[in-house]
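Using the sequences and the hints, build the whole thing.
Protein chains: 2
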Amino acid sequence: MQLVTEQMERYLSGGAWIRKIFEQGLELKKKYGEEAVCDFSLGNPDLPPPPVIGECLADLSCRMDKPFALGYMPNPGYPEVRAALAEHLRKEQDGAPITAGDVILTCGAAGGINVFFRTVLTPGDVVLCPSPYFVEYDFYAANHGATLTTVPTKPDTFELDIAAMEAAITPRTRVVMINSPNNPTGQIYSKETLIELSAMLTRQNAGRDRPIYLLADEPYRFLAYDGATVPSVLPLYPYSLVIGSFSKNLSLPGERVGFVVVSPDMPGREKLVAGMVFANRIMGFVNAPAVGQALLLRALGQEVDRTIYERRRKAMAGVLTRAGYSFFMPRGAFYFFPKSPIPDEVAFVERLAAERVLAVPGRGFGLPGHFRLAFCVDEAVINRSEAGFAKAMAG
Amino acid sequence: MQLVTEQMERYLSGGAWIRKIFEQGLELKKKYGEEAVCDFSLGNPDLPPPPVIGECLADLSCRMDKPFALGYMPNPGYPEVRAALAEHLRKEQDGAPITAGDVILTCGAAGGINVFFRTVLTPGDVVLCPSPYFVEYDFYAANHGATLTTVPTKPDTFELDIAAMEAAITPRTRVVMINSPNNPTGQIYSKETLIELSAMLTRQNAGRDRPIYLLADEPYRFLAYDGATVPSVLPLYPYSLVIGSFSKNLSLPGERVGFVVVSPDMPGREKLVAGMVFANRIMGFVNAPAVGQALLLRALGQEVDRTIYERRRKAMAGVLTRAGYSFFMPRGAFYFFPKSPIPDEVAFVERLAAERVLAVPGRGFGLPGHFRLAFCVDEAVINRSEAGFAKAMAG
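Chains as they are written, first to last, in the working numbering: chain C, 1 to 395; chain V, 1 to 395.
Worth double-checking, as some hints may not be accurate.
[Claimed, not checked] In the DSSO-like style, the derived pairs of lysine-lysine whose C-alpha atoms are separated by at most 30 Å in a straight line are: (1) C:K29 - V:K271; (2) V:K271 - V:K191; (3) V:K154 - V:K271; (4) V:K66 - C:K29; (5) C:K66 - V:K191; (6) C:K29 - C:K271.
Derived by calculation from the structure, the hints in this document are not laboratory data.
Dropping the structure here:
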């Protein structure tokens, strides 16, 4: 009997080599011990949440004897959380005059993207995305009968190739999706680049019944290094939205709190917001988790100690440089995406694994010939990995 | 510019009269004060969570200084929560030999249903459901390109009409979905009925490549009155699943914790579970909220004081009887679904609203000629409503 759809069959049998790397890692840890393996494969924030999170839970615990203490709420979230988040985002998003009605609380960024897609995508539509990219986007589009098309970024710098993006736009292109600071490259798109992208989209919108949306997925916004800033798309393009999350800056990924905010310049945006509120309900999210929203309200503006990530980034850059790797110095997020010294990066990642260093092949992000290292691990692990990187490079 | 899909446009413009009732209620409360309105329109559990919830939050608050305190976890949930829930469900589900691998934690029951549908429904498939029914099911099917077909239950008793259900099955029928104790009727299907349903489905499965699933949505399982029990479908039919939630028995609807459990008798069920774990990830749920899972682990087997619901049910039955209404005495859940004294129940619900009593018309559940009363309100409100019910009956 066929228990799952054919599409799901394909999904389950695909990505076998990623799983192989993962299982290889488990085996290595079992064989040599956790301490002997340098695992850079997972983007799982390892810093504890800031102290305010524990304080807030303690306060909440005293309010559980009230009716509706964790009751249903309006689908877009607690009104006071929406209002506080809107105020916070006005500063963060370059002064865009965001109000509570422009913001929806969602089950993480992933929930937010799916809610937006459910509202605007029709089967056969296309989402356009620069590559390398976070491959979950493929599934998010497929959930709604749409497909994801990728356009390579410029070599080495991973800057947007806007001419190539424009050439890839078709009448079915409904969303252009960017991720800055980028996973896996660490690139941050400049304001000039975003202005150029917005101009291109405005040009392409001429004569259309349906606008091309610009969706900026920004879970790593707070992690920009060396004084870099992350420009907002909201004031630049009226049909833009930003997706955010508190998984990384508050180390809360398990509690699933994120948001979608719509550009205050979008004509008729009330309908888009109403659609997303409806989608949040009917997809089964209903509302972002109540406790997570309470934590967010209290912790807005606070974050984990980012100097720890800054030190790790420097340490990792030192290790890679001394071992002779060629890489783009990440301007944000917590990943390096070095070039593989040999063309077949899957073979190279296996060579690294033999040295007990775990990485993810670039084809897992749509760009073979590179590999990804997540540096959300202790600095000691980074330093310990140097010999392994050097040996793998030597072949 | 078209901001949302045509389908979403229809959704947003539909159900206008339900919204009208809701807005009418708001106006009444504004005009006469909250206390003057008897609002039976919302199924929002009003009892505070049991004390263990506050205790657990206090304990959790002391553990927030650890790395990964609220970190990512495996997509189906914390392994210890799955194991404890499996053990709990073995008792609850008539001894079905459920193990941790058969259970997935989800973002409430609504999330669980959508995750299951994403895994098994192909565009054009049909979900069959007895009516009256919880109309969100329509959207859950539509999310995955499928449609919901309803089959009326037997008049007055709201028992399943299994012959009619069998007649409605087509080659595209992929899921039969039941909800017991039922919203809106309060009916609980007997073991004999479920055995008959299972036999019918087994008969219909002959020669099929894809089984017809039986999905039992059981958010009200804990609320059965007068010693009634809720028989489990899991030991009766191998292609069965149960969806549950802790929104009602622990009054936690805002925190979004539910589950899906697969019949241990299903051949090859590992693939179905793997598919649902994958769907949980790609739909953007990723995992059920971390805090909610921790609360569940601690509170399993506890519940709100259900004698309060028992008293309210008796009070409401008394009010309706004395006012001359004809109704099925609910065997479970917290709803009455009386007959409208006039054929047009929307007109009657408006008559009730004029007496400051708020109800939902039966067509909101696919069965005109009735109206729904949610008795998750204070007993005083129920008693206070008697005059209004009597006046509306008198016309």
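Hint-by-hint comparison with the structure:
no. : hint            : in the structure
1   : C:K29 - V:K271  : holds, 27 Å
2   : V:K271 - V:K191 : holds, 29 Å
3   : V:K154 - V:K271 : violated, 37 Å
4   : V:K66 - C:K29   : holds, 22 Å
5   : C:K66 - V:K191  : violated, 38 Å
6   : C:K29 - C:K271  : violated, 51 Å
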